[in-house]
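Enquirer: Here is how the chains run, residue by residue.
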Amino acid sequence: MADLLSTSVSGLLAFQEALDTTSQNVTNVDTTGYSVETTNLSEAQGQSLGTGYVGGGVEVSGITRAYDELLAAQVRSSQASYSSFNTFATQAAQIDNMLSASGTGLTTTLQNFVNALQTVANSPSSTAQRQALLSDAQALTQQLQSYDSQISQYSSDVESQISTSVSQVNSLASNIATLNQQIAAAGSGQSPNQLLDQRDADIDQLSQYVNVNTVAESNGALDVFIGNGQPLVLGDAAQQLTTTPDPYDASSLNISLVGSGGATANITSEISGGTLGGLLAAKTQILDPAQNALGLISVGLSTLVNQQQQSGMDLTGAQGQAMFSIGAVETLPDASNTGSSTLAVTRTNLGALTSDDYQLQYSGGAWQLSDTTTGQAVTMTGTGTSTDPFQAAGISITVSGTPANGDSYLIRPTAGATAGLAVQLTNPAQIAAASLIQATAGTGNTGTAQVSAAGVTDPSTYTPGTYTIAFTSATAYQVKNGAGTVVSSGTYTSGTPITFNGAQVTLSGTPANGDTFTVSPNSATNSGDNSNMFAMIDALSSSALVGGTTSLSGAANNLVSQIGVVTQQAQANASAQQTVNQSAVDARSNVSGVNLDEEAANMLQYQQAYQACAQMIQTSSTVFNSLITAITDGSAA
Amino acid sequence: MRISTVGFQNDAVAQMQALESAIAKTQSELSTGLQIQNAADNPTGMAQVNELNVQLSASQQYVTNGNAASANMKLEEQALTQATTVLQSAQDLAVQANNSSLSASERQNIAAQLQQQLQELVGIANSTDSNGNYLFAGYASSTQPFAQAGNSVSYTGADAVNQIQISANQRISAGDTGASVFMNNPAGNGTFTTAAASTNTGTGSIDAGSVTSPAAWVPGTYTISFTSPTAYQVTNSAGVVTSGTYTSPGTIAFDGVQVTVSGAPAAGDSFTVAPAGNASVFSTVSNLITTLNSTTLNQGQMTTAINGALEQLGGAITNMDNVQASVGARIDAINSSQSTAQSEQTDLQSSISQLSNVDYTAATTQLSTEEVGLQAAQESYASLAKLSLFNFLD
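Protein chains in written order, with our numbering: chain A, 2 to 638; chain B, 243 to 636.
These aren't lab readings, by the way, just hints derived from the structure by calculation.
Don't take each hint at face value.
[Said to hold, decoys possible] Once the Cα atoms are required to be at most 25 Å apart in a straight line, the calculated SDA-like pairs of lysine to any residue come out as:
1. A:Lys481 x A:Thr497
2. A:Lys284 x A:Ser270
3. A:Lys284 x A:Pro334
4. B:Lys628 x A:Thr33
5. B:Lys316 x B:Thr582
6. B:Lys316 x A:Ser127
7. B:Lys628 x A:Ala601
8. B:Lys267 x A:Gln95
I would like the entire structure built from these sequences, with the hints used as guidance.
Expert: See the structure below:
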């Protein structure tokens, strides 16, 4: 019945509930993810009493949670971006720190090695200087390997972080699915604010690990999609993510979705944003390229020094041997290959070598090579046999066996090089400081030409023996080998090298017709010959890498500054994104957060209203008592 | 605009953290003295610093190389000075011996002194540096370059010498081969030698001669034959070149050269003029010793031989002077490149310092500014955080 008493009682009940809500807000002021709740009061149904509609009081029509979907989505997307950049920047900064030690960095150690070559050139027959050179070679090797093994350590840390993040994603996904079920079960009645807050908090946490998008279902459930639209939670069903080994390299983890029956689908390329996105990007954009670039430097060092060693003579009179050993090209078959082919890959052209990885695939009856970093196809020459191997990008590939259609291999020309770098020479006498050949002027020469340099430039084509350079005029010469066959001839200019069979002799002055010069293998008595040391110094400072554009020192310096640029960029991005995230969080918090002053004011307001209603009830009682008193008094008279 | 309580607190804390992080960075710069600690701080700057450090290290190495080379070259200079002194004494002895009134024993005395000088020359030619490497052996620095069998000295060293790198684009020879210093000296006067025939009976002698017109000289062997004590003929492979009458002393000129014959040649005596090759200082001295010890040569032949030896000794001294001058020039080049290197290194170090070292004044000022900022943030937060409507409710 609509009357003073019942109306006032409705007010008491309503304001009590409003005070409860206010108390809920105040106690949850510091709770993360809590959305401020507002009690909605509405006028109760009235009753028609013939003289008019009398109101029925007030009732609580619902408790609304202050929540803006758009602001929440902005928080999640900026959180995912920030986490991604931050993770990426942290990985990059590790490598940057490692490489940046000024004064003891790679360029300094390389220069120390070159300085040691100069010192041997100053006194080539001195054992002490040669021993110092071997020590510097060891120091260089150790530094390169320490960088390489640190990068490998960081890579394996990244893999374990990926595993951990995937487990976190999975546990959040099942929480969200459970909450979806509970929220759907709450029906279309009052909104289950506490459940909704919890689900939002879980989705926010999920956005730290990966990009998140949500789609609302009609029953109140939220479908969650991660990365580039991969479904993670559909209604009350949560998909599971798992890590699967990369088909080429079991130590590298891919992220897969577990389907029905346990089948896994690799969705690594669909993952972006969050820690997972940052870790995957760090793998492909920093760690692998840095290790490859370091490997290219190791290959450059080893190739140039070894070739020059073999172009010279050591203290014992023997041809110099390789100073360094180096890790081989990594050739990784796809785990799902069904054919029986095997590959043998070697590095053959230092200038054409890159720090990219390559995929060799057999399809449509032919082998095709593509660059995995750029995605571009790479043209190969040759047929792949041992006598005519495939050649491209500085490597040479020999294929044997029978491939099946679709078989493929991952070829990593420089990744494993540094781990296998080692100084092979132990005896200082093995350093080839002297030239492999000597040239002497004929005793009957009448011209003024003298020998200024004699050396082997290509040990693989040089044929040891005695050669004679004979001048038929002041400008024309012929070079004959020991059998009398002419192996080279040409026009002579003072200072321009005369080349033949991988060797080269430089004369200065003017020869006369009939003058001869004999080129023969160098003798061990020429222990003071340092011409090969200078050839080695020149080779190391030459632009031998990257298509003839970069020297060894240049490549080392480029690595440091490129990592520096990437790190600086990533740190700037992370910082900018942090600001964006902070303002998105602030915007959401301004809508959904509790303001204590506001709650204090509300508390005062509802308290006042409650007291007023209580007073009304007192009044109703007074009115009733007056009536009863009047009746009682009337009957007594 | 509505602001949530916890949002206000988080913002204030975030701002304080940002200020603290900036202070930490500035403090780290001050304590390490470096404004570029990582490549990420300034990638191009770091690359430049690395490059400059490499150049600095290379420059220091070139100075070291130069020191090693000039030490050896000074030893070489000393050896050459000593050798020149010995040759000059040999010259004096040869002039002394060129006196027709000397007795045979007096000449043998001189020959004995020359023998000592020959041994001294061989010793100088085989001198070593402080590490036992031979100065004049070229590449074959561990093996003694000059071998002596009796009075015959041969060179078994190398024909090429080491180079040393004294600057980024300069490599110079670190020494000279024994061949170029001691062996490849001009015979005769450098163009031709003269000799008296062993069958001569007269007292005529011939000097070393000279070239009057290099373009007119036709290389070949010429014979000056005396048909009578006053008439001579000059013939070569083509035939008679010139002829004339002779009085002592008489200049005979032909084909761009001239020689002077003195004394009284007998009829049938002859002298030869032949193209000159190389003569070593050792063979010059040892031939002179043999000449002076001879009991069969007559005065004219003796005089001719001593004339030739004097000429060759002069040529050897000139050659040695030339080598010494080139050594001096190389030492100068090393000194000059080292002083250039000093100023280069100073420049490099100051560039490196400018790029990588922190400016203490600016950094200290920045630190105090940041400290003030942080203090202000902390104080203001402390007072604002206490404000709440609940404080005023009964």
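Enquirer: The structure should be examined with respect to each hint, and the outcome stated for every one.
Expert: So, going through the hints one by one against the coordinates:
| no. | hint | in the structure |
| --- | --- | --- |
| 1 | A:Lys481 x A:Thr497 | 19 Å, holds |
| 2 | A:Lys284 x A:Ser270 | 13 Å, holds |
| 3 | A:Lys284 x A:Pro334 | 20 Å, holds |
| 4 | B:Lys628 x A:Thr33 | 21 Å, holds |
| 5 | B:Lys316 x B:Thr582 | 21 Å, holds |
| 6 | B:Lys316 x A:Ser127 | 20 Å, holds |
| 7 | B:Lys628 x A:Ala601 | 15 Å, holds |
| 8 | B:Lys267 x A:Gln95 | 17 Å, holds |
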